[in-house]
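The listed protein sequences correspond, in order, to chains A and B. Take the first sequence: its position 165, counted from the start at 1, is 165 in full-length UniProt numbering, and no numbers get skipped. Take the second sequence: its position 367, counted from the start at 1, is 367 in full-length UniProt numbering, and no numbers get skipped.
Please note that the accuracy of each hint is not assured.
As the list makes no split between identical chains, a pair holds if one copy fits it or if it spans any two.
Derived lysine-lysine pairs resembling PhoX-like cross-links, with alpha carbons at most 25 Å apart [to be verified]:
#1 86 / 290
#2 336 / 86
#3 86 / 12
#4 257 / 294
#5 348 / 336
#6 2 / 348
#7 86 / 348
#8 212 / 24
Read the hints as simulated data drawn from the structure, not as lab findings. Everything numeric in this text was worked out from a predicted model, so none of it was measured.
There are 2 protein chains.
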Amino acid sequence: MKFSINRASFVKELNNVSRAISSKTTIPILTGLKIVAAENGLTLTGSNADISIETLIHTDDADNQLDIEDTGAIVLPARFFSEIVKRLPTDTMTLNVVDGFQTEITSGTASFTINGLDANNYPHLPEIDTTDSITLSGDVFKEIIRQTVIAVSTQESRPILTGVHFILDGDQFMAVATDSHRLSQRKVALPAPTSETYDVIIPGKSLTELSKMIGEDNPDVEMRLSENQVLFLLGDLSFYSRLLEGNYPDTSRLIPKDGDTTVDFNAPELLAAIERASLLSHESRNNVVKLTLKPSDGAVTIFGNSPDVGNVEEELESQNLTGNDLEISFNPDYMKDALRSFGQTEIKVSFTSALRPFTLVPTEDTENFIQLITPVRTF
Amino acid sequence: MKFSINRASFVKELNNVSRAISSKTTIPILTGLKIVAAENGLTLTGSNADISIETLIHTDDADNQLDIEDTGAIVLPARFFSEIVKRLPTDTMTLNVVDGFQTEITSGTASFTINGLDANNYPHLPEIDTTDSITLSGDVFKEIIRQTVIAVSTQESRPILTGVHFILDGDQFMAVATDSHRLSQRKVALPAPTSETYDVIIPGKSLTELSKMIGEDNPDVEMRLSENQVLFLLGDLSFYSRLLEGNYPDTSRLIPKDGDTTVDFNAPELLAAIERASLLSHESRNNVVKLTLKPSDGAVTIFGNSPDVGNVEEELESQNLTGNDLEISFNPDYMKDALRSFGQTEIKVSFTSALRPFTLVPTEDTENFIQLITPVRTF
Numbered sequence: 001m002k003f004s005i006n007r008a009s010f011v012k013e014l015n016n017v018s019r020a021i022s023s024k025t026t027i028p029i030l031t032g033l034k035i036v037a038a039e040n041g042l043t044l045t046g047s048n049a050d051i052s053i054e055t056l057i058h059t060d061d062a063d064n065q066l067d068i069e070d071t072g073a074i075v076l077p078a079r080f081f082s083e084i085v086k087r088l089p090t091d092t093m094t095l096n097v098v099d100g101f102q103t104e105i106t107s108g109t110a111s112f113t114i115n116g117l118d119a120n121n122y123p124h125l126p127e128i129d130t131t132d133s134i135t136l137s138g139d140v141f142k143e144i145i146r147q148t149v150i151a152v153s154t155q156e157s158r159p160i161l162t163g164v165h166f167i168l169d170g171d172q173f174m175a176v177a178t179d180s181h182r183l184s185q186r187k188v189a190l191p192a193p194t195s196e197t198y199d200v201i202i203p204g205k206s207l208t209e210l211s212k213m214i215g216e217d218n219p220d221v222e223m224r225l226s227e228n229q230v231l232f233l234l235g236d237l238s239f240y241s242r243l244l245e246g247n248y249p250d251t252s253r254l255i256p257k258d259g260d261t262t263v264d265f266n267a268p269e270l271l272a273a274i275e276r277a278s279l280l281s282h283e284s285r286n287n288v289v290k291l292t293l294k295p296s297d298g299a300v301t302i303f304g305n306s307p308d309v310g311n312v313e314e315e316l317e318s319q320n321l322t323g324n325d326l327e328i329s330f331n332p333d334y335m336k337d338a339l340r341s342f343g344q345t346e347i348k349v350s351f352t353s354a355l356r357p358f359t360l361v362p363t364e365d366t367e368n369f370i371q372l373i374t375p376v377r378t379f
Numbered sequence: 001m002k003f004s005i006n007r008a009s010f011v012k013e014l015n016n017v018s019r020a021i022s023s024k025t026t027i028p029i030l031t032g033l034k035i036v037a038a039e040n041g042l043t044l045t046g047s048n049a050d051i052s053i054e055t056l057i058h059t060d061d062a063d064n065q066l067d068i069e070d071t072g073a074i075v076l077p078a079r080f081f082s083e084i085v086k087r088l089p090t091d092t093m094t095l096n097v098v099d100g101f102q103t104e105i106t107s108g109t110a111s112f113t114i115n116g117l118d119a120n121n122y123p124h125l126p127e128i129d130t131t132d133s134i135t136l137s138g139d140v141f142k143e144i145i146r147q148t149v150i151a152v153s154t155q156e157s158r159p160i161l162t163g164v165h166f167i168l169d170g171d172q173f174m175a176v177a178t179d180s181h182r183l184s185q186r187k188v189a190l191p192a193p194t195s196e197t198y199d200v201i202i203p204g205k206s207l208t209e210l211s212k213m214i215g216e217d218n219p220d221v222e223m224r225l226s227e228n229q230v231l232f233l234l235g236d237l238s239f240y241s242r243l244l245e246g247n248y249p250d251t252s253r254l255i256p257k258d259g260d261t262t263v264d265f266n267a268p269e270l271l272a273a274i275e276r277a278s279l280l281s282h283e284s285r286n287n288v289v290k291l292t293l294k295p296s297d298g299a300v301t302i303f304g305n306s307p308d309v310g311n312v313e314e315e316l317e318s319q320n321l322t323g324n325d326l327e328i329s330f331n332p333d334y335m336k337d338a339l340r341s342f343g344q345t346e347i348k349v350s351f352t353s354a355l356r357p358f359t360l361v362p363t364e365d366t367e368n369f370i371q372l373i374t375p376v377r378t379f
């Protein structure tokens, strides 16, 4: 194998593929980057137990300055190879497998020789044989991920809750995540209805990595599902993730229908107040803040307290406060995550009672996006 | 004590003073920030075992919006108080010591109550009774610090080497640091000669903190020395550091007078090549790179090697290569620190032999700035 290439083009795709490569893996060859040189271009592959990323650098794109002299394949130590490539002295580089798996990397007067591995020993990528695919706008998909992954569980005790539940039915796409203390649910209408119904659970970590790769270059995301794998296509990039096996709990019954006490806030203003109150709650053993709502006085007040350090009290600006008086305590960190997911909007918060979950929805669109938080009993 | 103040003015000085405050201290009150409200303004003080910083916020500067209602003093938990102040909702804040040492911080509708400490228990700052002072341009002083602290020892086995040796004699100011493997020495002419001769050792860590505070607001640095303390005055800021006790080794005899092999490099180009070579040396047990100089061929080549990973070889661009052929090995990390201290300049490197220290100086000014590195024996 021998080729020369524009270094910036190579580094860009190397960075993409490297997202899937971990130095902490039990399969040594997966710490490597697989490079395959063929007539039509260069394929880079990186993988770990959960995700695999593959990208093609085209020969016929002049910007790549890709000149393939000998086709072939090699696996190179990813982290180390990356550092070399990023520090090479000139704009182009040549890679040449010289002797067995010894690989020479040259650029200007600098010449590196590093030990590679046999590409035949690199695992095969999963095969997704379906041609049925769903295409979504990258922006929308990124938003769905951002709004739901916050509620994914980080604990492996119930592995199924470390994923986001995707349900596709007709032209409806619903994503739900819950760690059993809070829940995020987002619905969007698909541009074109799917021919089949899908019900899958995608690991939250895979979605977080995927969302980092959705950018200006990749306006659309195409999703293809098989029994235990999902493939996302972003232009020339293929992103594979395993699916989580098992049945996701029925979350629809968790969401209360009506609220006894409801109130509207500006999301960033409420977030700032929660951040202040959490300064105190973080210093105390049980991390809770208290909210009192008094529709009769039109007053909403937040309290934070730490026996060692002190306390805070703040009257909040709110609109449309109606219903019964209520005193409720909750983990401010869940509230912060939820509020950040709304961005710069007005939200409606609906409470049932001091011990029942409460919900947050955008006042402009109360049907398609909901955050739910379970309160904490403090008495 | 009660005052109200513009929050941005307060935060700026709070950040300055906080540099001296550590949460890891054996004296609990030093985790606190001392605030003293007097007629002329607000004095903030922070301190740890080594350095103390004090600053005055003037009442008569209208930008501060400082209104002192009751004079007095308090010590507040620094880290926590800082976080509160930075998150307050409005542009102004009021601080009020209400009951014993309980302190109320209000801004808009938010009200914090935190537990303070008696300011009478806060240690007194060192007294510097001299009026003799040396004034230097902030830019020059910052450069002196940057160029010398890199060679300060980080090991406490020889505490004296953790400091920078300052010698002031007449209109000459010399700063030297060495960790016994390398040495940095910088000389500058003082704008006005000192009346006395000073010979002091200032902890490298103190100088690093000090240099962060020299900025656009503080064009000049005034230095006052006492027997075991130094005071730097930067506008309204007072920065105190203890001095290191003991005799600094005589470093003048370490610097070789002539070189047998000399060569000129562009500092950033050489730095980039050393960074490439160190990628390999960092993977090997003994972190060394090798340089071969062949004046007969006009060639300088650098080598890096790791038995596990591979090797690198690069021919370097150089000028004015003269003297004997030489092969020399050294720690590339020392070389990187030294080269960074030169910035975008041409440098002259002078070698004596493979086992004797070599020196780097700017080709434009060979007298006032020198970096010295001891090679590593590899045979």
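>> Which constraints among the numbered hints does this structure fail? Numbers only, ascending.
In response: 6 and 7
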